[in-house]
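K.L.:
Sequence:
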Amino acid sequence: MKGFLKSPTRFAASLRTGRFRYPIHRQSRRTPTTMLAYSEALEKLEAKWFKRCLDQRGALLKVLKESEARSFKRSEEEHARMFNQLEDQVKSFHNQRTALLKHFDVKQQLHEKKVEELVQQNCDLLDAALDERTVRMKSQGKYNACGALERMVYLSQLQKKVPPTAGIQQGLDRLAQGDEFTTILHKEVEARKLGVKDVMACIDYLYERVSHRTNGNDNDFHNTIIVRALDYNDYEMAALVIFLKVQSNWPNPLKWKALQVVSRKTHAPTPPPFANVPKTPQKPLPAPRIIIVITSATALRVFVAALRVFVAALRVLVAALNFSEIPLMGLTPSFPSVNSHSLTLPYTQFPSSLPKTPSTTAPMIMPGDRREGGVRMDG
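No gaps in the numbering here: position 163 of the sequence shown is 163 in full-length UniProt numbering, and each next residue is one more.
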């Protein structure tokens with residue numbers, strides 16, 4: 001088997017030449033001389049080719065090493081060239097990015113400055129709109145809880161919290177769904193020991209309830225809206241106070257004050273009109289007490305009414321003197337027309353004895369109502 005693995009030259013030389021004869025030769029056991037000569041020539045040829053193969057192998061290895069070195073050097077040069085090119089591109093991109101960032105920074109500063117100016121203008125316009133709304137409330141006699149709710153919805157519409165086409169009650173319902181209202185609701189309900197569902201149910205008819213409970217401005221001089229607990233039950237009072245506390249956190253809020261019932265004894269909160277509360281025997285109510293609330297506005301109204309009564313009495317007196325037929329010592333007094341704003345009488349000498357005429361006394365009527373300085377009954 002080893003003989004077959006050798007080279008062809010060695011294979012031919014290793015075979016036994018005694019068995020291979022030329023046809024013209026006679027068969028003999030001796031090896032012919034020609035075959036021996038051929039074997040030596042083959043060995044020389046084999047040594048020559050082997051040497052040549054080794055030389056060729058060394059030359060090929062040398063060429064391969066040289067080409068490998070050249071290829072490696074060429075790849076390094078190519079990598080260096082590409083690296084330099086990429087580095088130049090990166091520097092170019094960085095310069096462009098820096099220029100764009102500077103441009104964007106300038107634009108952003110101008111934009112922020114413009115936004116601040118617009119915000120300031122918006123705040124000024126919003127304050128002006130709210131001030132105009134407040135003046136209109138006072139001129140229309142709505143500087144009260146009803147006007148405060150309308151002003152809240154108006155401000156919410158300006159701030160896009162409520163659709164512009166929504167009504168007052170719809171606006172209140174939308175505000176009651178906000179997080180700000182919910183936070184104050186839980187605190188107020190916990191403080192008053194009421195039910196959240198009962199207070200939320202009062203919101204559905206709160207504006208109608210408030211609109212029927214107001215009559216004129218509450219306090220024009222001190223710019224304070226007064227919410228009286230006698231006008232509402234506990235749940236309505238809580239809902240109204242929550243709305244007023246919400247608007248206190250808004251820009252340009254209204255001043256308000258809640259007047260609680262001091263004389264009311266501690267008892268369970270008044271159930272809302274929609275609650276199905278079983279009838280329980282009620283204790284007899286104590287005797288009503290008279291509470292007189294006199295404010296500066298009420299005092300002014302009383303003074304104006306008294307002045308009007310005085311002017312009416314003077315008118316009656318002047319009319320009685322003008323139509324009297326008794327001569328006044330040759331002097332005929334002339335009285336100018338008297339109006340409700342001014343009364344000017346010329347100086348005229350009258351006798352000490354004048355005829356007695358029946359005096360006319362106008363009834364003294366004190367203006368006022370339950371909320372404007374009249375007499376309030378509290379149970």
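Hint data in this document are derived by calculation from the structure and do not stem from the laboratory. There could be a bad hint or two in this list.
Claimed, not checked - Label pairs and their in silico Cβ distance ranges:
id	residue 1	residue 2	range
1	124	211	26 to 36 angstroms
2	97	65	26 to 36 angstroms
3	97	72	49 to 59 angstroms
4	314	120	32 to 42 angstroms
5	124	94	38 to 48 angstroms
6	314	204	50 to 60 angstroms
7	163	128	44 to 54 angstroms
8	178	120	19 to 29 angstroms
9	138	164	33 to 43 angstroms
10	163	94	22 to 32 angstroms
11	96	56	52 to 62 angstroms
Said to hold, decoys possible - Restricting the straight-line Cα-Cα distance to at most 20 angstroms, the calculated cross-link-like pairs of lysine to any residue (SDA-like) are:
id	residue 1	residue 2
12	245	307
13	245	130
14	138	213
15	102	118
16	255	130
17	107	89
18	245	226
19	193	208
20	161	150
These numbers come from a predicted model, not from an experiment. A virtual CB, placed ideally from N, CA and C, is assigned to each residue, including glycine.
K.L.:
Could you tell me which of the hints above the structure violates, numbers in ascending order?
P.N.:
2, 3, 4, 7, 9, 10, 12, 15, 17, 19
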